[in-house]
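**Q** The primary structure of each chain is shown beneath.
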Amino acid sequence: MSDLSSLLPILWGGFCTTLAIFGLTLLFSIPLGLLIAVLKMSKWRLVRYPVSFYISVMRGTPLLLQIVAIYFGSYYLSEYSGIGFSFDRFPAVIVAFSINYAAYFAEIFRGGIQSVSKGQYEAAYMLGMTRSQTFFRIILPQVVKRVVPASANEVITLVKDTSLAQVIAVTELFALAKKQQAAYASIYPLFVAGVFYYVANLLLSAVFAYLERKLNYYK
Amino acid sequence: MPILKVSHVKKSFGSLDVLKDISFELNAGEVLSIIGPSGSGKSTLLRCITQLETIDGGEVQVDGKDLVIPGSNPVKYSPAKVLRDIRLSTGLVFQNFNLFPHLTVLQNLTIAPVRVLGISREQARETGRRLLKRMGLEGKEKSYPCELSGGQQQRVSIARALAMNPKVLFFDEPTSALDPELTGEILKVIKKLAEEKMTMVIVTHEMAFARDVADKVIFMDGGVVVEQGTPEHVFRESGNERLASFLSRFSQS
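Protein sequences appear in the order of chains U and Z.
For the first sequence, the numbering used here gives the first residue as 7, with consecutive numbering after it.
For the second sequence, the numbering used here gives the first residue as 10, with consecutive numbering after it.
No lab work stands behind these hints, which were simulated from the structure alone.
Computed from a prediction, not measured in an experiment: that's the story for all the values here.
Positions of the beta carbon are idealized from the N, C-alpha and C atoms, including for glycine.
Hints are all accurate, no fakes.
Covered stretches of chain Z, going by a simulated chain U footprint (3 or more residues, C-beta under 8 Å):
1. 91 to 97
2. 101 to 115
3. 119 to 127
4. 150 to 156
Residues on chain Z that point at chain U, a partial pick, calculated with CB under 10 Å:
5. T59
6. L61
7. R169
8. A170
Turn these sequences into a full structure, and let the hints guide you.
**A** As C-alpha cells, then:
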C-alpha cells in the first residue's frame, strides 16, 4: 500500500493535465460545433461544401493522426517556410481535440436543430421575432434538450480520448501511468489510472442524468 | 375603406397553379369564412397574406399598407419595414397550434410583446393573464403546453396571437387537429371574438360554424373563388354546381 501512496500524487498530477485537456476541449469545441452546424445548413454551397469536407476529414481520420499533424505540421511549416508559427505540445493538443470534437458536436447539433418543426419558426415569424431572436429564444433551448443524450456520449468518449495526447509526449494521466508501469515493473499503475477514468465518467454520467431530468419539464 | 384587400392574387408551386386570380375585400369588424375542398388553395391563400408564402402576381393590402409594390410585374415586395408592419398587424392561429413547448403558457403569451413590441414585462403579464381569463384558462399560466388538452392549447395559441393586438386575425383550420368533442370550445371562443368585432379570416371545414359566424363566405375550388357573398347567399341561394356538390358531400359525412 505504500506503493499507492507514492503513486497517487504522481497520477493525480497527470489527471489534472487530463482534466485541462477535457475542459478546454469542451470550452472550444461546443461553440465551434454550433457555428459549424449552422454553416453546414447554409443555403450557399460555397459555405456548405468546405464545411462538409472539414467534417468528413475530422470524422474520417484518426484523432491520433490529427494531433500529430497539428503539432509537427505547424512545426515544419514554420521551420521551412519561415511563415506561420509552431504550436507547443499542449496547445497543439487542445487545437487538435477542439477541431475534432467540434466536427462531432456539429453533426449532433445539426440533427437537433433540424428536428425542430418548421411550425416553430413560422409561429415566431408571425409574432414578429427577428431571426436571431427566433434562433436563440425559441429554437436553441429546444435543441439543447434534444442533444443532451447524444452529447453525453461524446463527452464521455472525450475523457478517455485525452490519453491520445501522449503521442506528442504530453504528460497526461495515461502517459504518467505508463512511466510508472516501467518503474514498478508492474501493470498495476495502469489499473489505477483506469480507476481515475472510470470515476470521472461515473460523475459525468450522473451530471448528464441530472441534466436530462432537469430538462424533462416539457415534452 | 376595407382593412384587407386582395386583388388578382396568383401563386404557383412549380408548374402547379395553386391560386389563380383571387380577389376579395374585408371591412374592419367583419368575419370571413373560407370553405372548399382539400387542395383548393385555402390555406395557401392564408399563408400568402400572412407572408409565410410569397405571391407570384396580384396585390394585397392590409390596413392600407401594400404587401407588394402596386403595378409591379413580376411582383416586387415592399420594403422590409412595411412588410414587418403588415406582419405585426396580422395574427395567425395554426392548425397544430405551434406553441413554444419550452415556455409556460404565460411566457408563450408574453415573449413577443416584450421582445418585439418592447412592452414592459409586468404589463405583458397583466395583458396575458387577462387574455387567459377571456379564453377560460385561469390557473393555467404556469402550465406547459404539453400538460394541456388540444382544445386548451389552441385557446392558448389564440391568446398568444391576440396578445400582439393584431388588426386582422387569421385562422388556418383551427379545429382540424382536435378531437370532435374539443372543437366546440374553440368555435365558442371564435364566436365570442366575432361578437367583440374582431376582424377575422377563418379557413374551416366546419360548415355550420362558417355559416353562423361569418359576415361573408368564400367558396374556393381549384385555386379560384367559385362563389362569394353573405352566408345566406352562399349556403342557400347560390345555384353553383360545384358548391352544391361540395356541400352535399359535407352533409353526408
